[in-house]
Structure formats: C-alpha cells, structure tokens
Amino acid sequence: MKPPLVLIPAFNEAARIGRVLAGVRAAVPDATLLVVDDGSTDDTTAVARAAGARVVRLPFNLGAGVAAQTGYKLAVRQGYECVVQLDADGQHEPADIPALLAVIAHDEADVAIGSRFLDGANTYRPGLLRRVGMGLFRWLAWLLTGMRFSDVTSGFRALGGDVVRFVATEWYPTDYADADVLITLRRAGFRLREVPVRMYPRTGGLSMHAGLRPVYYVFKMLLSVALAPLRREPAERKGA
Amino acid sequence: MAELTLHQTVFALVISLVAFLFVLELVRRRRLLEEYSWLWLLTAGAMVLLAVWYRLLIVITLLVGAVTPLNTLLLCAVLFLFAIAVHYSVIISRLSTQVKNLAQELALLSSRVDEPRRP
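If you're matching them up, the sequences are chains A and B in order. Using this note's numbering, read the first sequence as starting at 182 and increasing by one per residue. Using this note's numbering, read the second sequence as starting at 335 and increasing by one per residue.
Here chain A stands alone, though its shape is the one from the complex (with noise of 0.2 Å):
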C-alpha cells in the first residue's frame, strides 16, 4: 500500500508548524507531509518547505475547510488511498497518527476520528460555554446520524480512499468543516469510528471557534436537520 498523505492546513502558523512536522515525521516516517498555506501572511510556507513538506499555497484565505479540500483533490489526483489530516497549531498528538491509520489500513472504519473525550485519560479541558456547544452539536450529530460521537469537533482524522475521493467533490462541506464532515459522511454511507486521542491546548495564535461563529455554526446544523431528509443523497457515495 502506498504511504499516507498527512494534510495540515495552515493559517499563519510559521511559529507552530515546525514543532508539529518534525512530530509528524517522527510517528510516520514513510508518510508524504502536506502543508495547504490558505493564504498565509507570515513565513508558514517557508517554515514548512524548509521542514521538507510539500506546500501548496492558496492565493488568498479561504477558510480551513477549502484549504483542507485542496489536499484532499491533490490526495486524489496523485492516488493516495489514505490520508491523515491534523490541525497545524500542536493541539494534536501526531504520536496518534499511527493509531488512526491502522483503522483504515485494517479497514475496521472508513474514517477514523480522533476523540479527545473517548478515553478518561485527557488533560483537555474546554470551558462551559465551549463544553455547551458541544454538548448541542453532539445532540445534532446523533439526531442527524443516529450515531453517538464524544467528539464532534475534532479536526484530527483519518481517511480512506473511498472517502478522500468523495472529499474533494462538491459534497464536501467546506465551510464549517467539522461536524458537518461527520454528518455528510455518515449520510453518504461511509463507516465512522472514533479512536483517542491526546489533544493540547493551544500554544497562541486564533481558535476558529471565536466570536459570533459558534451562534453561525448552530445555525447551520440546524438548517441541516432542517433539510437533511428533503436533500437528494449524495451521488458519489461508498463503492458507487
């Protein structure tokens, strides 16, 4: 089997994304490292090239869930039939890399989750409003999946070919990624499973979940419950 891709886009994140290449590339030493730029205004993509990963640069920032997609459709063009995404920021474990290949490789899940609530083990804790809106998204994902996730946020997975080809069409939810990945995925057929995960706080730089987003994010998910049985399926789904 060829070796994995592991894609992590980047925002800004010249002062981090050193630390977690060389994490990466001593987990999975035969993995092909992606860094997507999405549009960077620092030096993210030399730090990155000079760390020896492959950097494809958006021209302009598109959000974490495009420049994810971006490394998803090179994924496919250059056929690699597994790929990791983490976040570039050292929230995620790479160490847990190899945990979550060996799900797909063993093909147990389509994809596989990294959850950083699934073992007792774990020293992050997010604040209540934090642990409120998660808590809701968890209720959603399980009304629209009738699976229960610990861990609906979580930018830390692993993906199958099937999957890394259905990523990098239209279906994919680009612009609030992450629980809506569960629910577009589940929805198309695909097998999930959870595996755990450490997860750090952040070190500095921005959460995406700041400001007004959380209320947006609710949002959406609830126009998804709202419209999820009159959609049409997705076409591409698993073995079609």
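Hints are all accurate, no fakes.
Between beta-carbon pairs, the in silico distance windows are:
hint, chain 1, residue 1, chain 2, residue 2, range
1, B, Val-348, A, Glu-351, 43 to 53 Å
2, A, Glu-351, B, Glu-359, 31 to 41 Å
3, A, Asp-211, B, Leu-360, 57 to 67 Å
Not close to chain A: a few residues of chain B, all C-beta gaps over 10 Å, as computed:
hint, residue
4, Thr-339
5, Ala-346
6, Ile-349
7, Ala-353
8, Val-357
9, Leu-360
10, Leu-375
11, Val-382
12, Leu-409
13, Ala-411
14, Phe-416
15, Ile-425
Since the hints were made in silico from the structure, they are not lab data. Even glycine gets a Cβ: it sits at the ideal position worked out from N, Cα and C.
Use these hints to put chain B onto chain A, whose structure you have.
Below, chain B alone, put in the same frame as chain A:
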C-alpha cells in the same frame, strides 16, 4: 379608480420606455450579460405594459383585493426586489464556488511549478 389622464399616461410611458431601453443598451454594449438582464427586462416590460394598459393594474388590484392601485404597485415592487435579491444570492453562491475551485486549482498547479523535483 379613475383612468389615467393623457398627461399621466405619457409621463409613465416615457419613464418605462427609458428604463427598458437603458437595460437593452447595457446588454448591447455587453456591460450587462444577457443571463442577468432577463429580470430587469421583465420588470421594465411590465412597467411599459401597465403604463399603456392601466386597466390591467385595476384588474390586478381587484384580483388581489388591494384597496388602491398604488398598493398593488408597491406589492409588486417589494416582490420584485425580493426576487432580484435572491437571484443575486444564487449567482454569488455559484461564483463563490467557482472562485474556490479556481483558487484550489491555481494552488495545486503552482505547487508543481514551485517544486518541480517532486512527483
């Protein structure tokens, strides 16, 4: 609901025709794509029609149960503005997707130019 005077009819007709010709001229000079002009032409056409055929407005007013022809006109204007705003949102959504796809293609292509040694 009296008929319009000749004075009023001429004024309404002139305004409507100017609006209609203005849209046509924009299309002719390719300042406005045909694709986006149909809603405007439809509106300008309706204005001309109502100017020369005021009784139609009265009939519509009776049909929808409005009190005066002015109410009917305002209702039509609001509905038209709603339609054009939604129309634009649809166009903007499509353009956003196209821009996104173009940016992604550009990024993927230029990465091959910048890093020619890699596969």
